[in-house]
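These protein sequence lines map, in sequence, to chains A and B.
Residues in the first sequence are numbered consecutively from 742, following our numbering.
Residues in the second sequence are numbered consecutively from 52, following our numbering.
Hints are computed from structural coordinates only; laboratory data are not their basis.
Nothing here was measured: the structure is a model prediction, and the numbers come from that model.
Each hint can be trusted.
Some residues of chain A that are not near chain B, with every Cβ distance over 12 Å (derived):
#, residue
1, Phe758
2, Thr768
3, Ser813
4, Ala937
5, Asp947
6, Ala962
7, Ala977
8, Thr983
For each label pair, taking beta carbons as the anchor points, the in silico distance ranges come out as:
#, chain 1, residue 1, chain 2, residue 2, range
9, B, Ala148, A, Pro782, 57 to 63 Å
10, A, Arg836, B, Ile223, 35 to 41 Å
11, A, Val940, B, Val252, 25 to 31 Å
12, A, Asp956, B, Ala148, 53 to 59 Å
13, A, Ser799, B, Ile171, 24 to 30 Å
Beta carbons are placed, not taken as given, at the ideal position from N, Cα and C, and that holds for glycine.
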Amino acid sequence: MTDSSPILQVRNVTKDFGGVRAVDRCTLDVMPGTITGLIGPNGAGKTTLFNLAAGDLSPTSGQILFDGRVISGLRPHQTFARGLMRTFQIPRELRRMTVLENLMLVPARQSGERLWSTWLTPWKVARQERQIQARAIDVLELVNLAHLANDLAGNLSGGQKKLLELARTLMAQPKMVLLDEPGAGINRTLLRDLSANIVRASVERDVTFFIIEHDMRFVMAMCDPVIVMANGGVIAEGPPTTIQRDPRVLEAYLGGYVNGPA
Amino acid sequence: MDIGGVIDYLVGFAIMAMIYAIFTLGLNVHWGFTGLFNIGIAGFFALGAYTAALLTSPPPDPEQFEDFVFGGNLAHHDVLAWGIDAWFFLGIAAAAAVCGLVALIIGSITLRLNDDYLSIATLGIAESVRLFFLNEKWAANGSKGLYRIPKFLGDLIPAENYDYLYIVVVLIVLLILFVAVQRAARSPWGRVLRAIREDEVTTAASGKNVSHFKLQSFVFGAMIMGVGGALFAHHVRFLSPLTFDPLLATFVIWAMLMVGGSGNNVGAVLGAFVVWGVWAGTQFLPGVFSDPSFRLLMIGVLIVTIMLLRPGGLLGEWRRIVARRPAPAAGRDATGSD
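For reference, chain B alone in the conformation it holds in the complex (with noise of 0.2 Å):
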């Protein structure tokens, strides 16, 4: 057996599953803190992505095959035919952007119903933008797609070892967001997301603008995923519209964090592995059992597994436990009663 050949897979997939990560501390943010039931996933996942490999992409290489056919990413762009070439990070923040935008926007709207039109809103969204990027064909050259996402320093280190470079990336960035997602949720931001998703009315009735916070964490959320679609289009370096097929851009997710434990960020890290795993992992099975549809189904077995052992996920819901105050007076104690 090659073992610099299964470290090389072993760090494609951790690649995968922490890009998958970010998506599930995004979806946390939404359903396990908030209760928001975003089934749109993807839709910010192809916005995020897309943003950020438009943005990104360099001026057309004559030399290069792809772009002496297809005349660069941009080439339907009046203005921008050129490429912008933005600085990678740059293309991250602009993803997260353009994604808060849209969140902005559809929540501003829709929050203030009834939980369901959200949902319905979202995956309006999701189709929209698939449909729009296949059909926009001078966005991102329709269902050509986009290619050559240019790679952050990647003239630093050969093509073939490249991923050594990108999983320190895609792990910096992960701390990062975990580290921002936790503190915002065990702070008292997080304590009102977690009061709405319980109730709503007497989440009002404490004085808090329960939409208010239900759009924030919209937007937060939706923000998050934008830097997953981001960081996964300079992975995979080619999107077209069937990237985003609603099975692997948003169903997976949201397995992701019910069998690592809705309202646990931990859990959903934990949660992206595990699926992202079983995914990964069920390929290699012979015949048969490595059909897409089979491994899928493995997916929904493990789904029900959890749900049947442990409805909360693998870690649960994070609780936070005080300490008793000692007792005050020395002849409470003496009593023996506390």
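With the rest of the complex left out, here is chain A (with noise of 0.2 Å):
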């Protein structure tokens, strides 16, 4: 794995919002089968370089690649077929559909999604959707949801749109994640659940995940390496032992009250 080329490349990337510069220059590499973490204080723009990379947003300047390819300026649906998906900050449920229809919806190439097969073929739809709930059902028994999968997803609470929101990116089969603050608002247990689940898909899907998080036991036991942004670039990056006595970080993190007065 040494010598392979990084999967993501961020090169030197700048977005403006009218007047504020959310990501400045950035440039980053993400190595391919790794569990990447991306850190920092609010507002470092760790959001809208997901938002940059997955094709919700275009950067002002500069230049993303996925395997080798420009994706800076497609659109979302476009970065997922190229094998790139993204998770959400706060959960985007689908909330009047059940919870196994939010992740029915996302295995690509669906026959049923063309109208005419809904008519003229019917059967075929039908074997494919058949395949495509069982599997779902699988996903959904990997993150304790199944006693969930009628319910609507609307209902589920907050940790459970959490799980909801992974298993989306489970169904998909990507080779690369984006998660968003996956441990956001959800308790130990299933913390523990989501690391192993995320740890897993790693190692036997040979998944790439790039992972913002704010839980330092959780990055520290899960991420390597780890990349810090700060005011729109990034500060510092090596392994999570490294990262963690790394005065930048610190200053950046306490605002520049390491040293304090004395």
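Join the two chains, each given in its own frame, into one complex according to the hints.
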């Protein structure tokens, strides 16, 4: 894995919202097969960077490459088709659809998504639906949501919605997943399940993870390397133990009071 | 009481209710499944009706009074003045095609924008279509309108009993459309549409081309409305721009979908019958209560009542419930935990 090239390359990317520069000449690489952490104080530009990579936003300048090809400027369904999937910091579940339907939506190239196929070849659609449903139930069992399969997703608890977000990425079989604060607002037990699922997906399915997270125990246990952003740019990068002791990181988090008034 | 007359009336009532049910199915595709706020149903209604009426109009017949006076439905057309006289079902297909084409053009311009723009565009289309047919006299006789729109197999049955044949035609078309919409709605295609209704961003992040699916939904729903317009034209047999008043061509259809249950195709059909029942039934009330304005008020009261008592409509949205998978291992049953 040492000689492989990065799966995600952010090249000198800048994003302005009016007068606010959310991402400022940001450059970073994510290597394939890793669980890379992305940390930084609030407003550092982490979520904006995810939005840029996934196609929800276009960069003001700079380029983002995925798997060696430029993806900046593509629309979300196009980055998805390349194998890049993202989750949302605040879960965006499909509220008036069942948990199972939330997952069954995800698989690509469903023949029943073509209107005429639903009329002309319903048996093919039905066969594929059974396969997708079986897979969705497997995924739900993996994240311990199987008992809620028929519930409306809008009725889930906050933590369950987080698990549903992760479950959606497991349905998709992507090459890389951008997880935006998967651990926020969920209890320790669920967080352990979540970590286990991420590690399993990373090892068994060869998925690369790029994770924004504020829970340092989670980051330190799961992620290697860890990238630190502040004020729209990368200020440090390395294994978690090094990052933890890096004075620049402490300064970014503590606002310059590390060495404090004497 | 004249039983035959009552049955005649009920058949006429059912024809109109079923034609409205077709519009409500179309609106259900737009709003119930995809969340497209189409407030210009009247535009597709009129386009469908005029297309079918113009295409199926026969050559002018000087024996008929109106044709003697006005020279036929197509009198102002240079080339088509002799009448096209197309087959009934060809007219219906053409009505669907024209509505689909217009929806394709409007949709590809407005569907990428915010939802509000689509609403404004549909409202604008409805009014433009009406004004076009009112002012462009060469197209469809302007305010004089189209008359003697032919009946399907009209020679087969005496005029006073014709409704008994037409109700079968309308019923068959409604059934075909119902099955088509139901199949589509309960398939992965319909699932993508409902996902778009719930959250476009999530749907796009799940790899679906949102604007593509919205366009498909918009065109499909508009085509269904076109079919409804065509059936309406052959039923009332007279069209003028005044026919497509937003009240009876847009508002009432929204009322039907809200009352019956948005997102439920059976509800759409049921709502059409209930609301049309209120509209048609109230005309028998005594005195001032049979005023159109009072009858409309009654529909308003019905909507408010339904929204208060059953916010999802009479039937509410259909939800697929999947049976729990049986426990895989016998040992798990023994624990009694499942």
